[in-house]
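Each chain is listed here by its residues.
Protein chains: 2
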Amino acid sequence: MTVGVVGGGQLGWMLGRAGDPLGLRCRFLDPAPDAPAGRAGELVVGAYDDPGALDRFAAGLAVATYEFENVPLAAARRLAERVPVHPPPGALAAAQDRVAEKTFFESLGIPVAPWRAVDRLDDLRAALAELGCPAVLKTRRLGYDGKGQAILRAPGDAADAWARLGGVPLVLEGFVRFRRELSVLAVRGRDGATASYPLVENVHADGILRWSRAPAPDAAARQAEAEGYARRALAALDYVGVLAIELFDTDGPLLANEMAPRVHNSGHWTIEGAETSQFENHLRAVAGLPLGSTAPRGVSLMLNLIGAVPDPAAVLAVPGAHLHLYGKAPRPGRKLGHVTLRADAPEGLDALERELERLLRSPSPGG
Amino acid sequence: MTVGVVGGGQLGWMLGRAGDPLGLRCRFLDPAPDAPAGRAGELVVGAYDDPGALDRFAAGLAVATYEFENVPLAAARRLAERVPVHPPPGALAAAQDRVAEKTFFESLGIPVAPWRAVDRLDDLRAALAELGCPAVLKTRRLGYDGKGQAILRAPGDAADAWARLGGVPLVLEGFVRFRRELSVLAVRGRDGATASYPLVENVHADGILRWSRAPAPDAAARQAEAEGYARRALAALDYVGVLAIELFDTDGPLLANEMAPRVHNSGHWTIEGAETSQFENHLRAVAGLPLGSTAPRGVSLMLNLIGAVPDPAAVLAVPGAHLHLYGKAPRPGRKLGHVTLRADAPEGLDALERELERLLRSPSPGG
Chain A
22 MTVGVVGGGQ LGWMLGRAGD PLGLRCRFLD PAPDAPAGRA GELVVGAYDD
72 PGALDRFAAG LAVATYEFEN VPLAAARRLA ERVPVHPPPG ALAAAQDRVA
122 EKTFFESLGI PVAPWRAVDR LDDLRAALAE LGCPAVLKTR RLGYDGKGQA
172 ILRAPGDAAD AWARLGGVPL VLEGFVRFRR ELSVLAVRGR DGATASYPLV
222 ENVHADGILR WSRAPAPDAA ARQAEAEGYA RRALAALDYV GVLAIELFDT
272 DGPLLANEMA PRVHNSGHWT IEGAETSQFE NHLRAVAGLP LGSTAPRGVS
322 LMLNLIGAVP DPAAVLAVPG AHLHLYGKAP RPGRKLGHVT LRADAPEGLD
372 ALERELERLL RSPSPGG
Chain B
22 MTVGVVGGGQ LGWMLGRAGD PLGLRCRFLD PAPDAPAGRA GELVVGAYDD
72 PGALDRFAAG LAVATYEFEN VPLAAARRLA ERVPVHPPPG ALAAAQDRVA
122 EKTFFESLGI PVAPWRAVDR LDDLRAALAE LGCPAVLKTR RLGYDGKGQA
172 ILRAPGDAAD AWARLGGVPL VLEGFVRFRR ELSVLAVRGR DGATASYPLV
222 ENVHADGILR WSRAPAPDAA ARQAEAEGYA RRALAALDYV GVLAIELFDT
272 DGPLLANEMA PRVHNSGHWT IEGAETSQFE NHLRAVAGLP LGSTAPRGVS
322 LMLNLIGAVP DPAAVLAVPG AHLHLYGKAP RPGRKLGHVT LRADAPEGLD
372 ALERELERLL RSPSPGG
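These protein sequence lines map, in sequence, to chains A and B.
Each residue of the first sequence is one higher than the one before, starting from 22 at the first, in this note's numbering.
Each residue of the second sequence is one higher than the one before, starting from 22 at the first, in this note's numbering.
Since the hints were made in silico from the structure, they are not lab data.
Quick reminder that beta carbons are idealized off the backbone N, C-alpha and C, glycines included.
There could be a bad hint or two in this list.
What the simulated footprint calls covered on chain A by chain B, stretch by stretch (three residues with Cβ under 8 Å from a Cβ of chain B suffice, anywhere in the stretch; the number is not a length) [said to hold, decoys possible]:
(1) 35-45
(2) 238-244
(3) 310-320
(4) 345-357
Chain A on its own, in the form it takes in the complex:
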């Protein structure tokens, strides 16, 4: 069975690797001839909005899916006329626009931080007066890894922020006091069965995910709440595949920040740290196979390698360290790989974490 994957980045690469032993061959569509996923399956090189490339990509597929949420909706719909597409294009629509996303969460009774749509400088000033400072102004579309965002610390910042981001639809998000960021990864099969991984604790810097720890410490009491959010979202979208929801852990209820209708960086630890990886479970779901166990195997800490790669030999000398290099050219701010530390118990992770942190502060010159 051939599974089409729109996008050929590292998520596609890990999907392709997960499918191969199950007899699921992935075919990727990506504009870059050196896309990492090309090492894990057939690569169709073409633009996502090129009908010819889309049709070559779609020919003979049993099912199609995607590894990033900014797939043009027209492309997803063109594909859906030819082959079954999971998750449904409706999930893309909800995830691509921050206002649609927040409206979607609210329609399901899933709380979010206070927000206002902003289309003009006047809207921004009014929203800021209502929500107070600090607040974050974001583009409604195409933001990722902290791009397309501005923090407003005082009402006087409005004009500057508008000058930087204005001209496209925006959203202002009120400041929320939260303890930490969590994420829930859930999966739904074609038969409607669902499963969730344990909550993950995430640490971002400069808008980019740096660390994920799973299961999130002291989060068992929040698991049911997060799974409830995920189940409502999955059912409402008639979703098939893995869905990630980023959450703020507050003194009140968990607040949904955003969702990704795909496998997610905060789920990379599942390769070694769970019985079935998010990649395998996504493919099992879209291919109509039974879901695999989402139970953790010990505790895991995932670290992104951003902009530079440490000496592989030094990383591999850390017991329980698992190295994943994506084979991408180094560039500042670019995700080049990740390392997952796994241990049977949380105590085992701490020393390893310090050792690895030291390594990551001294990336290899060749990185």
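Position chain B relative to chain A; hints supplied.
Coordinates of chain B only, in the frame set by chain A:
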């Protein structure tokens, strides 16, 4: 770094998969254009004894290794003139000839079953008189999966067995009363560091491995003995990479049956069941990287899929079942894949094992 692997079967495929995340790209040499490893790296199609193919294969490699032990020695030596070859060709020489192998074990004080070299029918009769019946007559070279063997139950069977196997150098092995078959998988790095996986219990039928269970139940008391054998063999050969030694568990010492200078079928469980798989550790060793932890993660049961493949959906419905299909055309007696069941404790495996056994008795018609 490009690692050359002579042979492109399922072992090569799993080596290629293990190397990719470490930045180690495997290139395979195999006469079959549809060799499974072609999905996990570049495939050079050519005969193992074709100098032109060998040279194309060798060009630009950082190091070469093999995934089967019957690589022609001349080919290994030709490669060794061009690139570092691990394990050393001397290990191939010792493993390719059952008499050389037994002599090697005995030279290290590693006990083996009684044996006699047999070159003529008269030798066979004399050896049978000395060792008694039953006994097993085997070709000294190129036997695998039970091929090239005859069991002699009475002195009168000698002529028939000779007629079947004679004409090539043979060895007669005396019958040994043993409780079970075990194997030890050990790995040695370029720096001389060694590590061993827990002992594995193996069940063969018709000369083909059917099941492996790891860690072998009630075998902890035998671990040091087996590791001692492995360490002696690794040091004597100045070995680099994974070495497997098959053992008979008797009332006396463990007896060495044979060795494989490569990753081994009885180590497939390490993909899910150990912190670092045998495939990754073999590549770490030959590439000069630090060895990874060989600690088990719970208990594992590996079942070979031989001749036919069960319905993947039924296998994946068994919790903790991990499916590995090699993508080979079905043929009686052919290894087409394997399933590893993993659980945190031995009790967890038993019910799963029964469920899977039931499935394997009813292979899918499409298998």
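Hints and how they fare:
1. Beta-carbon proximity to chain B at under 8 Å applies to 5 residues in the segment 35-45 of chain A; the threshold of 3 is reached and the given coverage holds.
2. Judged by the Cβ-Cβ criterion of 8 Å, the segment 238-244 of chain A is not covered by chain B as claimed, because only 0 of its residues qualify and three are needed.
3. Counting residues of the segment 310-320 of chain A whose beta-carbon sits less than 8 Å from any beta-carbon of chain B gives 6, enough to reach three: the coverage restraint holds.
4. Counting residues of the segment 345-357 of chain A whose beta carbon lies closer than 8 Å to any beta carbon of chain B gives 3, which meets the minimum of three for the stated coverage.
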